[in-house]
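Student: Listed here are the chains, written in short residue letters.
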Amino acid sequence: MPGGAPGLQNQCGAEKVPGGFDSHSPPPFLTVRVRIWGTTHRLRRIRAVMDSQDYGKTKVVVLCGLILLGGSLLIYGTLFHSTTVSAQQDGQPVMLAKSESALIKDASVSGVKRDETGKIKQTYEIGEKAPAACST
Amino acid sequence: MVKETKLGRFSSKLLGWRMWIQTAFLLLWLDPLGLRMHTMCSPVFHCYACPLATFACPIGIIAQFSALHVFPFIAIGMLVAVGAMFGTLICGWVCPFGYLQDLAAKVPTPKFDLPKFTGYFRYVMLIGAVLAIPYFFGEGHPLFVCRICPAGALESAVPTMAGQAIRGEKVIWPNALKMTILIVFLIAIFFIKRPWCRVLCPLGAIFSLFNRASAFFLRFDAEACTHCERCHKLCEYGIEPEKSPNDLRCIRCLECTQCSPDALTLGSVFEHSSSSHNNNQ
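Sequence lines, in order, name chains A and B. Note that our numbering has the first sequence beginning at 1, numbered continuously upward. Note that our numbering has the second sequence beginning at 1, numbered continuously upward.
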């Protein structure tokens, strides 16, 4: 283009606005529109890459990562994770360490609740039967 | 052109048996042996308060643990592992609540479609009723997911009320919002295909996030596609499979794989393909 592209000579710092060079910075809403368009354009490009063959190998890595993550969480939750729960036994407070599986079973029947102090409390006394069904 | 695969041929044969497969999975979810193994979550939407529930509902557990401010490693780990393997294949072939809606859709009533944007409400339900509301307001909040869930109303509240009525006890009704959602749901399933799955299911929202990366996926062969748009008619959920084969709204019922040029097939990362051309996923 004769005379070069519109804008400052060093092509630095000028906002590209419709109609060519403008020494004034565009109003804020136009900058936001440009940014939104840029983000949408980037998302479309990411999607096109995901649909391409090159992504196939990446997908296997991502898939293995996800399965590993899921398996690790599952194993940790089943074998290692426990939560301290306060309960009542003969009117006396006791602290129990419940495994996550036991907590799932109690949670499914509203057998545990979080009180105002943030502690997790068992809603039934030790030795009593757990509630039959969820209170919801 | 993609080489026909064993999995593609196998899934084509299974397609006619889909409802029988869904029925068979009921034997797993409906606790025929009375085991009540509620220490584990299932990967399907089935209320744990149901008298016939083998496992705990993963959404209920995530919500309850959110209310307790405890991270649900088992529920999340199970959903990530199953989602990464199958994506929403679980929704289309395994979930009993989806199966109930499929059965209701068989009734010959006029069917209506939903606008595409309604699919995003699932994420609002997931972030709101399952995560944020329990975390900030506890299990007692009226919008806690289990207090508005139609699966809980239908599978637990209704049998409980029936039992109370039969025994001559005082019948305790669920709250008005739950009853309203249940009634709307029970009407909607006869006029809209899978309304819960498409609009509000938080479990489907989670599995849909894995659709583009799951081990099993819908393979689209652009070269075999004749743009006949038969897949648009085969898809019962308003998706254009050839444009978006692993769409977030897809429940992977695999009906679109009946398209005659075999442009859409079930694929997996475990297959070897001798094709030199790309199979879009």
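Please note that the accuracy of each hint is not assured.
Covered stretches of chain A (chain B as the covering partner; in silico rule of three or more C-beta atoms under 8 Å from a C-beta of chain B) [what the hints assert, rightly or not]: (1) 56-69; (2) 74-88; (3) 101-110; (4) 113-127.
To be clear, the hints were calculated from the coordinates, so they are not data collected in a lab. Here the structure is a predicted model, which means the values were calculated and not measured. Beta carbons are placed, not taken as given, at the ideal position from N, Cα and C, and that holds for glycine.
Student: Could you run down the list of hints and mark each one as holding or not?
Tutor: A quick look at each hint next to the structure:
1. 56-69: holds (count 8)
2. 74-88: With 7 residues closer than 8 Å to chain B, the stretch 74-88 of chain A meets the three-residue bar; holds.
3. 101-110: Answer holds; 9 residues pass the 8 Å Cβ test.
4. 113-127: n = 4 at 8 Å, threshold three: holds.
In summary, this structure violates none of the numbered hints.
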